[in-house]
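For the protein sequence lines, the chains are Z and R, in the order given.
Reminder that position 249 of the first sequence reads as 249 in the working numbering, one-by-one numbering, no gaps.
Reminder that position 269 of the second sequence reads as 269 in the working numbering, one-by-one numbering, no gaps.
Hint data in this document are derived by calculation from the structure and do not stem from the laboratory.
From a predicted model like this one, the values you see are computed outputs, not experimental measurements.
Each residue gets a CB set at the ideal place from its N, CA and C atoms; glycine is no exception.
Honestly, I wouldn't trust all of these hints.
Stated by the list, open to error - A partial selection of chain R residues facing chain Z, derived with a Cβ cut-off under 7 Å:
#: 1; residue: 95
#: 2; residue: 98
#: 3; residue: 102
#: 4; residue: 114
#: 5; residue: 288
#: 6; residue: 290
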Amino acid sequence: MSPGEFFLQQFINGLAIGSIYALIALGYTMVYGIIQLINFAHGEIFMAGAYLGLAAILLIGSIGPIGAAAGAAPALSLVLTILTAAAGCALLGLAVERVAYRPLRQAPKLSVLITAIGVSFFLQNAVMLSFGAQDRYVPPLLPVLHARIGSVTVTLMQGIVLAVSLMLMMGLQGIVYGTALGRAMRATAQDPLAARLMGIPVNRIIAVTFAMGSALAGVGGVLFGLTYSTINFHDGYLTGLKAFTAAVLGGIGNIPGAMLGGLLLGFLEGFAAAYLSTQWKNVVAFTVLVLVLILRPRGLLGERVAERA
Amino acid sequence: MRTAILVVLISLPFIDRNPYHVEVLTTAGLYALLALGLNLIVGFAGLLHLGYAAFFAIGAYTYALLNLRAGCPFWLGLPVSMATAGVAGVLLGLPAVRVRGDYLAIVTLGFGEIVRIVVTNLEPWTGGPNGLLGIAHPSIGSFRFGVDSRPYYWLILLLVEGTAWACARLRRSRIGLAWVALREDELAARCLGVDTTRLKLIALGLGGGIAGVAGCFFAAKQGTVTPDSFDFILSVMILAMVILGGLGSVRGAILGAAVLTIVPELLQGFSSYRMLLFGALMVVLMQARPQGLLGLAQIRRELRGRRAAA
Numbered sequence: 001m002s003p004g005e006f007f008l009q010q011f012i013n014g015l016a017i018g019s020i021y022a023l024i025a026l027g028y029t030m031v032y033g034i035i036q037l038i039n040f041a042h043g044e045i046f047m048a049g050a051y052l053g054l055a056a057i058l059l060i061g062s063i064g065p066i067g068a069a070a071g072a073a074p075a076l077s078l079v080l081t082i083l084t085a086a087a088g089c090a091l092l093g094l095a096v097e098r099v100a101y102r103p104l105r106q107a108p109k110l111s112v113l114i115t116a117i118g119v120s121f122f123l124q125n126a127v128m129l130s131f132g133a134q135d136r137y138v139p140p141l142l143p144v145l146h147a148r149i150g151s152v153t154v155t156l157m158q159g160i161v162l163a164v165s166l167m168l169m170m171g172l173q174g175i176v177y178g179t180a181l182g183r184a185m186r187a188t189a190q191d192p193l194a195a196r197l198m199g200i201p202v203n204r205i206i207a208v209t210f211a212m213g214s215a216l217a218g219v220g221g222v223l224f225g226l227t228y229s230t231i232n233f234h235d236g237y238l239t240g241l242k243a244f245t246a247a248v249l250g251g252i253g254n255i256p257g258a259m260l261g262g263l264l265l266g267f268l269e270g271f272a273a274a275y276l277s278t279q280w281k282n283v284v285a286f287t288v289l290v291l292v293l294i295l296r297p298r299g300l301l302g303e304r305v306a307e308r309a
Numbered sequence: 001m002r003t004a005i006l007v008v009l010i011s012l013p014f015i016d017r018n019p020y021h022v023e024v025l026t027t028a029g030l031y032a033l034l035a036l037g038l039n040l041i042v043g044f045a046g047l048l049h050l051g052y053a054a055f056f057a058i059g060a061y062t063y064a065l066l067n068l069r070a071g072c073p074f075w076l077g078l079p080v081s082m083a084t085a086g087v088a089g090v091l092l093g094l095p096a097v098r099v100r101g102d103y104l105a106i107v108t109l110g111f112g113e114i115v116r117i118v119v120t121n122l123e124p125w126t127g128g129p130n131g132l133l134g135i136a137h138p139s140i141g142s143f144r145f146g147v148d149s150r151p152y153y154w155l156i157l158l159l160v161e162g163t164a165w166a167c168a169r170l171r172r173s174r175i176g177l178a179w180v181a182l183r184e185d186e187l188a189a190r191c192l193g194v195d196t197t198r199l200k201l202i203a204l205g206l207g208g209g210i211a212g213v214a215g216c217f218f219a220a221k222q223g224t225v226t227p228d229s230f231d232f233i234l235s236v237m238i239l240a241m242v243i244l245g246g247l248g249s250v251r252g253a254i255l256g257a258a259v260l261t262i263v264p265e266l267l268q269g270f271s272s273y274r275m276l277l278f279g280a281l282m283v284v285l286m287q288a289r290p291q292g293l294l295g296l297a298q299i300r301r302e303l304r305g306r307r308a309a310a
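Given only the sequences and the hints, what does the whole structure look like? Please build it.
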């Protein structure tokens, strides 16, 4: 493999994992954009999505007629799995918002952040108690295919990850900038009081934002599970933090920024693993996080200036 | 009252001869020390820190390396660990104090993780994921602490009592009052001429130093250190102790540490549901009693103090 091909291979790998980060980062950025809350539990929603996806795959396989149909059309079972995880995570996001965050809307940020950590512990352990603490194998839904260009390999899964993420991001962009719901979301983000005076049901809009962000994280979870074939209840913490880094890198509160940040972080990590060492891979994300927050807290595309001394 | 509690605590290992009880109380003491240090940063100065375990790790590895490489005795390791972790607190604080609120929390979380990953990967020095073994226990003259819990129990009692005394004095000092101003309203404090950056660094340095002492004690008691003892969960646990006891309350930090160490031991039977309940408890506590167990008295006293001053 020539150095150029090696580079291209890392680029493709980074693109695939980066678009998963981007999907999760959207949830962080949407919630932050609308109520300035760092939803620490978002990583756990992603992880729950991966497990819901696993449950859906096992369930689809076990119900005779559906299983047979899905076996004949793998794309159908992929769609069913993604929809199950997205719907389940949307409900989970709604529940978390209602039970944990809404009562604290006027509370100091410290209380909300601690609540988020509590929710995160709760979800992690709820998943651990229902699915076990060991790694779970995610059976492949699709035939393991890949295309080769020279010695560069692109797997079918990487293609699907990319396609699904791009579709969802474009869809989200369409909703936020092209519909009445999106306008209500942007109005709430700008000034919740004024939005309420204009007759926008602010609480419902915030709940919808949580649901949408959580659904995207759920899809990210399914794609993550299918890409790596094993999932663990600990995955939400690290991947969630990386996605948060991506959101901060792109400019928190900014939707295109989250996508850009996710892809950039995917590349950075991929190249660090390939050219430095895999052991130091995780340091990259944290170093980027710390540097961006200190040097350019508004991120690459953000206009919102972070709270600074 | 205070003296009575101290007398009971000192004589406890003679009354209660169950070594398991003494061991649990020693662990509670270690956590109390950590909670006191973090309370200084979060409770006094109002800086939300999510990477406190890093200073604990730095203290533990400082003594472990000094002892294994240079044969440094525990009593010399203690101040050196304190100084190293304190300096680390200031150095990591220098860039971090530029950001505020939940951004500060994330930056400190990032630092905490970076320290842990660096410790795990610097294999020739730290032994990597396997950690370091054979660290010397403390000794006084010809008396060796060994593996019996009791000498450690009295030592940690002394450390906690000393630190709590210092914290209580500190809170009433010029620095302590300036911290209250900084915590309540940073802008107003600056307008009154309080050097907020310096005060934040003092809090981080002192808090880090206390964690360094705790780390040195931990390494000397266990005889081994491994990087997985210093993960994010530990940072969160210590924070939960401070919050449960009541932010800014010295007695609260000790009480919170004792409750969160002893209650899980009593709940051994529910061990798999422990962390689930713990998470739910954090959520409920923030809604029902955000000021913590001893928080109300704390706020009332501060209010009364303010009125007296006015």
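Hint check results:
{"no.": "1", "hint": "95", "verdict": "holds, 5 Å"}
{"no.": "2", "hint": "98", "verdict": "holds, 6 Å"}
{"no.": "3", "hint": "102", "verdict": "holds, 5 Å"}
{"no.": "4", "hint": "114", "verdict": "holds, 5 Å"}
{"no.": "5", "hint": "288", "verdict": "violated, 10 Å"}
{"no.": "6", "hint": "290", "verdict": "holds, 5 Å"}
The structure fails hint 5 only (numbered hints given earlier).
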